[in-house]
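Engineer: Chains Y and X: place on chain P using the hints.
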Amino acid sequence: MERVWQELIDAGTGGDRRALGRLITRVENREPGWREAMKALYPRSGRARVVGITGAPGAGKSSLASRIAAILLGQGRRVGIVAVDPTSPFSGGALLGDRLRMFDVATAPGIFIRSMATRGTLGGLCQGARDVARILDAAGFDLVLIETVGAGQDEIEVVKAADLVLVVCVPGQGDAVQTLKAGIMEIADLFVVNKADREGADELVADIHSMLALRGERSREAPPVLRTCALSGEGVDLLVAALLERADRARSSGERAGARIREEILTLIEGELARAVRRRFAGGSRLEEAVKSIRDGESDPYSAAQAILETLEPER
Amino acid sequence: MSETENDLERIAEAEEQWRREVLEPRVKRFGIGKSPTRFYTPTATRGFDFLTKVGFPGQYPFTAGNNPFDFWRAHAEAGAKLGIRPDAPGGGAGAGRYSGYGTPEDYRDYQLRMQSLGSRGGPNVAFDLVTQCGYDSDSPFALGEVGRVGVALDSLRDFQVIYEAFTGERDIDKVASNFTINAPAAVIIAMYAALAEKRGIPLEKLRGTPQNDILKEFIARGTYIYPPRPSMRLFRDTLVFCRKHLPKLNVTSIGGYHIREAGATRIQDLAFSFAIGCAYLQAGVDAGLEIDDFAPMVTFNAFGGSMELYHEVAFQRAARRMWARLVKERFGAKNPRGMMIRQPIAAHIGCTSTTLQRPLNNLARAMVGGIAGGMCGALPAVYPPFDEPLGLGHSLEAIQLQVDATRILIYEARIADVNDPWAGSYFMESLTDETEAAAQAELEKIDGMGGAVAAIESGYMQRAIARSAYERQRRIESQGEFVVGVNCFSGEKELEVSVNRAVEQLYDPAQMATAEERQCAKLAELRRERDGKAVSRALQALEATARDEARNVMPDLIECVKSEATLQEICDVLRGVFGEAEPVKL
Amino acid sequence: MSGDRKIRVLIAKPGLDGHDRGARVVAYGLRDAGFEVIYTGLRQSPEQIATAAVQEDVDVIGLSILSGAHLALTRKVLDRLQAQGAGDIPVLVGGLIPEGDKPPLREMGVAEVFTGGTPISSIASFIQSRIASP
Numbered sequence: 000m001e002r003v004w005q006e007l008i009d010a011g012t013g014g015d016r017r018a019l020g021r022l023i024t025r026v027e028n029r030e031p032g033w034r035e036a037m038k039a040l041y042p043r044s045g046r047a048r049v050v051g052i053t054g055a056p057g058a059g060k061s062s063l064a065s066r067i068a069a070i071l072l073g074q075g076r077r078v079g080i081v082a083v084d085p086t087s088p089f090s091g092g093a094l095l096g097d098r099l100r101m102f103d104v105a106t107a108p109g110i111f112i113r114s115m116a117t118r119g120t121l122g123g124l125c126q127g128a129r130d131v132a133r134i135l136d137a138a139g140f141d142l143v144l145i146e147t148v149g150a151g152q153d154e155i156e157v158v159k160a161a162d163l164v165l166v167v168c169v170p171g172q173g174d175a176v177q178t179l180k181a182g183i184m185e186i187a188d189l190f191v192v193n194k195a196d197r198e199g200a201d202e203l204v205a206d207i208h209s210m211l212a213l214r215g216e217r218s219r220e221a222p223p224v225l226r227t228c229a230l231s232g233e234g235v236d237l238l239v240a241a242l243l244e245r246a247d248r249a250r251s252s253g254e255r256a257g258a259r260i261r262e263e264i265l266t267l268i269e270g271e272l273a274r275a276v277r278r279r280f281a282g283g284s285r286l287e288e289a290v291k292s293i294r295d296g297e298s299d300p301y302s303a304a305q306a307i308l309e310t311l312e313p314e315r
Numbered sequence: 000m001s002e003t004e005n006d007l008e009r010i011a012e013a014e015e016q017w018r019r020e021v022l023e024p025r026v027k028r029f030g031i032g033k034s035p036t037r038f039y040t041p042t043a044t045r046g047f048d049f050l051t052k053v054g055f056p057g058q059y060p061f062t063a064g065n066n067p068f069d070f071w072r073a074h075a076e077a078g079a080k081l082g083i084r085p086d087a088p089g090g091g092a093g094a095g096r097y098s099g100y101g102t103p104e105d106y107r108d109y110q111l112r113m114q115s116l117g118s119r120g121g122p123n124v125a126f127d128l129v130t131q132c133g134y135d136s137d138s139p140f141a142l143g144e145v146g147r148v149g150v151a152l153d154s155l156r157d158f159q160v161i162y163e164a165f166t167g168e169r170d171i172d173k174v175a176s177n178f179t180i181n182a183p184a185a186v187i188i189a190m191y192a193a194l195a196e197k198r199g200i201p202l203e204k205l206r207g208t209p210q211n212d213i214l215k216e217f218i219a220r221g222t223y224i225y226p227p228r229p230s231m232r233l234f235r236d237t238l239v240f241c242r243k244h245l246p247k248l249n250v251t252s253i254g255g256y257h258i259r260e261a262g263a264t265r266i267q268d269l270a271f272s273f274a275i276g277c278a279y280l281q282a283g284v285d286a287g288l289e290i291d292d293f294a295p296m297v298t299f300n301a302f303g304g305s306m307e308l309y310h311e312v313a314f315q316r317a318a319r320r321m322w323a324r325l326v327k328e329r330f331g332a333k334n335p336r337g338m339m340i341r342q343p344i345a346a347h348i349g350c351t352s353t354t355l356q357r358p359l360n361n362l363a364r365a366m367v368g369g370i371a372g373g374m375c376g377a378l379p380a381v382y383p384p385f386d387e388p389l390g391l392g393h394s395l396e397a398i399q400l401q402v403d404a405t406r407i408l409i410y411e412a413r414i415a416d417v418n419d420p421w422a423g424s425y426f427m428e429s430l431t432d433e434t435e436a437a438a439q440a441e442l443e444k445i446d447g448m449g450g451a452v453a454a455i456e457s458g459y460m461q462r463a464i465a466r467s468a469y470e471r472q473r474r475i476e477s478q479g480e481f482v483v484g485v486n487c488f489s490g491e492k493e494l495e496v497s498v499n500r501a502v503e504q505l506y507d508p509a510q511m512a513t514a515e516e517r518q519c520a521k522l523a524e525l526r527r528e529r530d531g532k533a534v535s536r537a538l539q540a541l542e543a544t545a546r547d548e549a550r551n552v553m554p555d556l557i558e559c560v561k562s563e564a565t566l567q568e569i570c571d572v573l574r575g576v577f578g579e580a581e582p583v584k585l
Numbered sequence: 000m001s002g003d004r005k006i007r008v009l010i011a012k013p014g015l016d017g018h019d020r021g022a023r024v025v026a027y028g029l030r031d032a033g034f035e036v037i038y039t040g041l042r043q044s045p046e047q048i049a050t051a052a053v054q055e056d057v058d059v060i061g062l063s064i065l066s067g068a069h070l071a072l073t074r075k076v077l078d079r080l081q082a083q084g085a086g087d088i089p090v091l092v093g094g095l096i097p098e099g100d101k102p103p104l105r106e107m108g109v110a111e112v113f114t115g116g117t118p119i120s121s122i123a124s125f126i127q128s129r130i131a132s133p
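These protein sequences, in sequence, are chains P, Y and X.
Mapping of the first sequence onto numbering that gives the first Met the number 0: position 188 corresponds to residue 187, and the numbering continues sequentially without gaps.
Mapping of the second sequence onto numbering that gives the first Met the number 0: position 160 corresponds to residue 159, and the numbering continues sequentially without gaps.
Mapping of the third sequence onto numbering that gives the first Met the number 0: position 38 corresponds to residue 37, and the numbering continues sequentially without gaps.
Read the hints as simulated data drawn from the structure, not as lab findings.
All residues carry an ideal CB built from backbone N, CA and C; glycine is no exception.
Do not rely on the hints blindly, as some may be mistaken.
[Unchecked claim] Taking beta-carbon pairs under 7 Å as the criterion, some of the chain X residues facing chain P (in silico):
no. : residue
1   : Arg4
2   : Glu35
3   : Glu46
4   : Gln47
5   : Thr50
6   : Arg79
7   : Phe125
[To be verified] Below, a sample of chain Y positions facing chain P; criterion: calculated Cβ distance under 7 Å:
no. : residue
8   : Pro582
9   : Lys584
10  : Leu585
Next comes chain P alone, as it looks inside the complex (with noise of 0.2 Å):
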């Protein structure tokens, strides 16, 4: 491994912040030697929970978050926070907010916030998520808190990185239980009714309880769904002391461990193969030609990337 990357390493799991945003910037952007850094990273982690955290837009999950940081600052612990929200499809940039909402921790010295851009690409959310879990791990942080919008694939996606998920929702949100993502429903470990002084919070308490049984729950116990105000930080004690409980068990569980390594090695590949084709192929003239010739009307999308693929065959 380069030298560079080993003193950014050094440095960053040492106490140096600085080189710590930069070791996950390279890492993030795939700079050549991330992969190294990655290896050697890898065995200074796995001491850290990680929890993600999410939900639709408005449920205040960013102000939950900040409750949840301080109280575990408090109990002497080091918190990551890593907020991630979506790349706009269009420029390719992204307007990451959720920091501000956190202002009441973000100078803590325990505290390392970092915002994270979904960026498009193909079970890149989640790898990268994983990959800013793993370095804040291994620089010592004993809890990592994944925040997104759960509003989308993506989302659902990065939980995938975590040992627990959250999922909060907010009462007055119309109909909040079926405006929930199919498949939010089933990846929450807990349910937290945020906001819960505001009317309608019975109600959502209920609604999220019939709507576990309706599903029929599987082989595992029924998420418990609590009720937190972040504003007032009533309910957030209860609730960190629950996710600090499940998380450890969710880690120690060897077939939940097994099916997340399992899934983060199959995107690794992905991603990887992902990049291989673009980098191969976009702007090359064997795809141009294949434009070419179903503009001239004398091919389709499916057979060219057909013929593409098999000329990959003898090379696998």
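Structural biologist: Here is chains Y and X on its own, set in the frame of chain P:
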């Protein structure tokens, strides 16, 4: 306007023919897609009912104006002969020019200088950001900000120093005071009351306007402290207290102005301002006040502005009619005075319409605002002074040009000789209707969300305004909208007309530079000299009252300021009870 | 440099100034120019800005100040950046900055001052060329 259906049919047919024979050939001849101009006929105002839609100036629904003529118009000729500025409010006994900087001592001396130059009114006070956000001058948040955008104020002592310039024939029972203060407005009102008490002046004589419009702070101006709901509780307390004890004080100045400056569209401005107005009126009603008693004390802060002359005139007409209808129908008011939009100026272009490039052009721009104002029954205020965007304050030349421009509109163009000159215009009446309808639809949408407070808590208003601001920027950058000298006609061949500004040293920059230091020294002295126990007692009492939603904090606030608790000490107690407002995600 | 690289910008309003129209418009505009914009909003202390810049490892910092306190606040922000080892991150200042204050800001170490009417595309190009050749 009283065309029959038959007439309208014939006109419609004639219009169709005109289109075919005159308009379309012309469009074709010039090779453009469609006509760049529009023409309006009686068909645009089918079914128009003059009495319901317009009526008369000074009568419901006030479309044509709050009254047939204002004070300044009544005495315009006399005023011209005496050299009195037409925009001296209330004949000069109102609050004067918006001002404030440095320490209270600096500001007091400034006021004394202005008085020696002929100013007769009370203070129209701008406070620094530290004060507006409920901090003291020695707070870490105060870095660089003390005495900058306004005067620094940390205690009742400071307040008294400012008012050393207002005694005798300018005492507070004779002149009005304006305070541009929102989140800690209750504390400033308490200081005003405490000052009157010290001077032996009955509270009923106090006049003026605290801005006291906290809801717009969350969406447009940013000097909030507490979250929206506790802020509304404080508003209620000021409202109830003022109605009872300071009946001549206006209770709020609702800032459509700021909402537009923050980037809202005209329609959003109108709808959001009225949603906020309704929230305030409802607060009064919920507190058991009579609408007819307190609605007249609800004022507005200069709705406006953009460069689009016709639209701004229509906006004012629509706003007046819409507010009158809301107050009457939604709140059952009977007192017409509560149905009027009372504002210091009406249509104007807005500071964000001025440009840094070729600043003298801003005078031409401000003139358009003055014309719009004059044409909708208000002072033809040519505002702001051309050097507004330079960030150096307004020079004497710029102020003089501005004031003369207003005079030229009144005396030479005679723009204020006719009430609502556009009344009955096919174009203006249909534009007014459209504006009102669009604003009404948006207002109903906010009603559906639960009202202004809910729309603010959810971030709806903030996001809508941010989007509008961005859309406008994109239009300008893509030349979808033109700003002369900025995105067009700005090439090398264009002349840079140089700006001559006598450096206006009304604000002494040397004083501003040392304001922080001097205020901190005074704070240290204050803390040494005052009775610490009395302060603690007063603050504790305040806390207990604040925790009880049903009680009114104003009496305790008055005790606190009298005990010489500082502004931040008081605001911190309330922070402990109410919490602080959290930023909304974009 | 890998094709995944995105330019990361921090947009902050130091001090108590609450007029955030300009900051928001620039944030949206830079997002639409393909940047990742970390928008921290109002009332940022110099410490918060420096901490955010370090944790987010941004390529450039944009400060928006309309209260007239730009000299004192910028100096403090640059100070804190230096203290956290991030003195190399270019700082841009925008808002209500009189012509006469631009030289002192540059002398302090500000990379550029962008005042009213500047198209966002100019800001984006400036950042891009600055990153390409620091």
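Engineer: Each hint needs a verdict: does it hold in this structure or not?
Structural biologist: So, going through the hints one by one against the coordinates:
no.: 1; hint: Arg4; in the structure: 5 Å, holds
no.: 2; hint: Glu35; in the structure: 5 Å, holds
no.: 3; hint: Glu46; in the structure: 5 Å, holds
no.: 4; hint: Gln47; in the structure: 5 Å, holds
no.: 5; hint: Thr50; in the structure: 5 Å, holds
no.: 6; hint: Arg79; in the structure: 10 Å, violated
no.: 7; hint: Phe125; in the structure: 16 Å, violated
no.: 8; hint: Pro582; in the structure: 5 Å, holds
no.: 9; hint: Lys584; in the structure: 5 Å, holds
no.: 10; hint: Leu585; in the structure: 5 Å, holds
When the structure is compared with the earlier hints, violations turn up for hints 6, 7 and for no others.
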